[in-house]
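Asks: Listed here are the chains, written in short residue letters.
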Amino acid sequence: MGTILIVAEIQKGVIREASFELAAFAQKLAGSGHEVKSLVVGQGVKGLAEEFAQRGGGEVLVAEAEALANYSADAFTQATLAAVAASGADLVLISNTPSGWDFAPRVAAALDAAFVTDCFDVSDEGGAIGFKRRIFNGKLDAQVKATGTVVATVQPGATPAFEGSTEGKTTDLDAGIGECKTKFVEIKIAESKGVDLTKADVIVSGGRGLGAPEKFTEVVQPLADALGGAMGASRPVVDAGWLPHEYQVGSSGQVVTPKLYIAVGISGAIQHLVGMKGSNFIVAINKDPDAPIFEVADVGVVADLFDIVPALTAAVTAAKG
Amino acid sequence: MKILVCLKQVPHSDARLDIAGDGKWIQEDNIKFEINSYDTYALEEALKLKDAGEAEVVAVSIGPDRVTQALRTALGMGADRAIHVNDPAMEGSDSLGIAKVLAAIVKEESPDLVFAGLMSEDGNFAAVPPMVAQLAGLPSSTAVMSVSLADGTVTVERELEGGALEVVQLPTPCLLAVQSGLNQVRYASLKGIMAAKKKPMDTKTAADLGVGDQVGAGAAKVEIEKVYTPPRGEGAQLIEGSADEVATQLVGKIKELGLL
Ligand SMILES: Cc1cc2nc3c(=O)[nH]c(=O)nc-3n(C[C@H](O)[C@H](O)[C@H](O)COP(=O)(O)OP(=O)(O)OC[C@H]3O[C@@H](n4cnc5c(N)ncnc54)[C@H](O)[C@@H]3O)c2cc1C
Ligand SMILES: Nc1ncnc2c1ncn2[C@@H]1O[C@H](COP(=O)(O)O)[C@@H](O)[C@H]1O
Numbered sequence: 182m183g184t185i186l187i188v189a190e191i192q193k194g195v196i197r198e199a200s201f202e203l204a205a206f207a208q209k210l211a212g213s214g215h216e217v218k219s220l221v222v223g224q225g226v227k228g229l230a231e232e233f234a235q236r237g238g239g240e241v242l243v244a245e246a247e248a249l250a251n252y253s254a255d256a257f258t259q260a261t262l263a264a265v266a267a268s269g270a271d272l273v274l275i276s277n278t279p280s281g282w283d284f285a286p287r288v289a290a291a292l293d294a295a296f297v298t299d300c301f302d303v304s305d306e307g308g309a310i311g312f313k314r315r316i317f318n319g320k321l322d323a324q325v326k327a328t329g330t331v332v333a334t335v336q337p338g339a340t341p342a343f344e345g346s347t348e349g350k351t352t353d354l355d356a357g358i359g360e361c362k363t364k365f366v367e368i369k370i371a372e373s374k375g376v377d378l379t380k381a382d383v384i385v386s387g388g389r390g391l392g393a394p395e396k397f398t399e400v401v402q403p404l405a406d407a408l409g410g411a412m413g414a415s416r417p418v419v420d421a422g423w424l425p426h427e428y429q430v431g432s433s434g435q436v437v438t439p440k441l442y443i444a445v446g447i448s449g450a451i452q453h454l455v456g457m458k459g460s461n462f463i464v465a466i467n468k469d470p471d472a473p474i475f476e477v478a479d480v481g482v483v484a485d486l487f488d489i490v491p492a493l494t495a496a497v498t499a500a501k502g
Numbered sequence: 033m034k035i036l037v038c039l040k041q042v043p044h045s046d047a048r049l050d051i052a053g054d055g056k057w058i059q060e061d062n063i064k065f066e067i068n069s070y071d072t073y074a075l076e077e078a079l080k081l082k083d084a085g086e087a088e089v090v091a092v093s094i095g096p097d098r099v100t101q102a103l104r105t106a107l108g109m110g111a112d113r114a115i116h117v118n119d120p121a122m123e124g125s126d127s128l129g130i131a132k133v134l135a136a137i138v139k140e141e142s143p144d145l146v147f148a149g150l151m152s153e154d155g156n157f158a159a160v161p162p163m164v165a166q167l168a169g170l171p172s173s174t175a176v177m178s179v180s181l182a183d184g185t186v187t188v189e190r191e192l193e194g195g196a197l198e199v200v201q202l203p204t205p206c207l208l209a210v211q212s213g214l215n216q217v218r219y220a221s222l223k224g225i226m227a228a229k230k231k232p233m234d235t236k237t238a239a240d241l242g243v244g245d246q247v248g249a250g251a252a253k254v255e256i257e258k259v260y261t262p263p264r265g266e267g268a269q270l271i272e273g274s275a276d277e278v279a280t281q282l283v284g285k286i287k288e289l290g291l292l
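Taken in sequence, the protein lines are chains A and B.
For the first sequence, this note's numbering gives the first residue as 182, with consecutive numbering after it.
For the second sequence, this note's numbering gives the first residue as 33, with consecutive numbering after it.
Since the hints were made in silico from the structure, they are not lab data.
Don't be surprised by glycine CBs; every beta carbon is placed ideally from N, CA and C.
Keep in mind that a hint or two might mislead.
Stated by the list, open to error - Cβ-Cβ distance ranges computed for the label pairs, FRET-style: (1) 261(B) - 342(A): 22 to 32 angstroms; (2) 264(B) - 247(A): 29 to 39 angstroms; (3) 227(A) - 185(B): 26 to 36 angstroms; (4) 499(A) - 55(B): 43 to 53 angstroms; (5) 399(A) - 245(B): 55 to 65 angstroms; (6) 195(A) - 201(B): 21 to 31 angstroms; (7) 270(B) - 398(A): 45 to 55 angstroms; (8) 262(B) - 195(A): 27 to 37 angstroms; (9) 247(A) - 222(B): 53 to 63 angstroms; (10) 308(A) - 262(B): 21 to 31 angstroms; (11) 140(B) - 352(A): 40 to 50 angstroms; (12) 33(B) - 235(A): 45 to 55 angstroms.
Make the full structure from the sequences, and use the hints.
Replies: Structure below.
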């Protein structure tokens, strides 16, 4: 029994889908007697706060200030702490987005609270809050228990957005934003370069399992060429400088939905999956039978990619006659 | 300038992950460990600043005896000294417990910059660095993709989704948690490894740092109850056989999709 505070996130002038997912978790817990309140921060966000109040947010505290017009770790931390004090919340839910993971730990530390990150399930354990979260980049899951005041970040997409309505109201919150040392300067949008994977019907992506940059020209590109498709990559390939960033598929690369996606030597971390799981048909080739990529694949091959991919390239070439 | 780098040692990315007897973590005996990949980028960024001017780079790690190896590697790459918090009393600490110890070191050392990794590859918490900053009264930024320093102001580019970047300014001292790929990490040279043997490594306990009562399972507010293999849904249809048999079957699937 307690109060949940949802920290909603505004992006490009609208409330993010992920905030309605937080509402879904909060409303699920409301079933076991928790009261749901929310926080909306920004400037000129009253209308959005009213919308959120009716779509799962419950009573919405609205903190408006010039310092909150753009994201800043200091200002958002202060606003959230003010909202926790005003609402008496003992569970704070924040989305695990680039801003969420930047300021949520500061809120938790300031409250000397339990802190659980990137969870995909929340439940009331009677006196404690239970969470499930991925560890080891998706290879294992952990069930954790948090006691006392709890701050948690939730993985976007972990649960469907709240679809019901709530009888909420909005209340102005004077967050009293003080000194902010982190200063927002600007957002730079990535300019799209030569490779636009979003238009390809077939993508063959290689991961760290390829082991060396030349394997992309020797093994991955020939299969992509044979299928008349494009080549993609996981992040470590780009980090290592083996391929430029425009080849990267995933949350910090491109989100693709080709007719056929072939993942080669890619384990299937969540940040990669969000970039390709919407593909029409997914083939995964990986020597580890427990690799999470097999969970989203339609067809899997548990084998050494250096055996399978050249054979597949030859078979595709032969089939074309 | 003094730069502190927080390094965590984690199971090697190719290590077998077997669940431990008590079901609460993985079996850590007889597996290989390495420096958390994100932290290698953090260390490299610190060493780049040292190369470009004058800086003392101090590597800090909390963990058992095996962690000395990670710190030796950091010294071999060019760090000047190391601090190893080795304290059995810290077993079972949650992220906040770790952060309190690191914050105590930050207060003791008063560095101009603190570098950390965005996230640990084992627990995937992405929790400790901003907590350390909050507790030590420093501004912080995460998912940092570039760092430039001029007249006591740090300008960083933070990674957002889909390749967008957010430019943020912070005064020093501050803490930066770096994203992978912001630089190309150097290897320890043979000369570096030899020199590292003479570099100082301090060993401390949480009590030495005045936070003895705030760490360990007793103080933890978050407890891992169990770890388990994620429940497998329907999963993929597995294709088996020789490479040629597999290829033939895959070609059949691709034809069904009308792509051949
Ligand atoms: C904020 C953030 C954003 C991120 N954004 C992205 C992103 O946009 N895109 C992205 O991909 N990642 C992203 N990541 C990184 C992500 O967490 C993973 O680290 C990454 O996806 C792993 O890449 P991988 O699968 O290639 O490597 P690994 O996880 O190391 O997997 C390599 C796989 O290759 C297999 N393998 C090895 N050798 C062979 C062989 N001979 N034959 C067959 N299989 C073999 C192994 O079994 C293993 O499963 C992001 C992380 C964070 C924290
Ligand atoms: N035991 C530790 N010793 C030193 N630094 C750590 C430790 N744990 C976490 N860190 C730092 O905090 C970062 C994020 O870790 P985490 O919050 O645990 O995912 C790591 O990349 C390290 O820089």
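Asks: So, for every hint listed, does it hold in this structure?
Replies: Do the hints match the structure? See the list:
Between residue 261(B) and residue 342(A) the CB atoms are about 29 angstroms apart, so this pair conforms to the stated range of 22 to 32 angstroms. One distance hint, 29 to 39 angstroms for the beta-carbon pair residue 264(B) and residue 247(A), is violated here, with the actual separation near 50 angstroms. A hinted range of 26 to 36 angstroms holds for the C-beta pair residue 227(A) and residue 185(B), which are about 35 angstroms apart. At about 50 angstroms, the CB distance of residue 499(A) to residue 55(B) agrees with the hint of 43 to 53 angstroms.
The hinted window of 55 to 65 angstroms between residue 399(A) and residue 245(B) holds, with their beta carbons roughly 58 angstroms apart. Between residue 195(A) and residue 201(B) the beta carbons are some 27 angstroms apart, a value that agrees with the proposed interval 21 to 31 angstroms. For the pair residue 270(B) and residue 398(A), the beta carbons lie near 29 angstroms from each other, so the given range of 45 to 55 angstroms is not met. Range check, residue 262(B) to residue 195(A): Cβ separation about 32 angstroms, and the 27 to 37 angstroms hint holds.
Remark: the range hint 53 to 63 angstroms for residue 247(A) to residue 222(B) is upheld by a beta-carbon distance near 56 angstroms. The beta-carbon spacing between residue 308(A) and residue 262(B), approximately 27 angstroms, falls within the hinted interval of 21 to 31 angstroms. Between residue 140(B) and residue 352(A) the Cβ separation comes to about 43 angstroms, which falls inside the hinted range of 40 to 50 angstroms. Remark: the range hint 45 to 55 angstroms for residue 33(B) to residue 235(A) is upheld by a beta-carbon distance near 52 angstroms.
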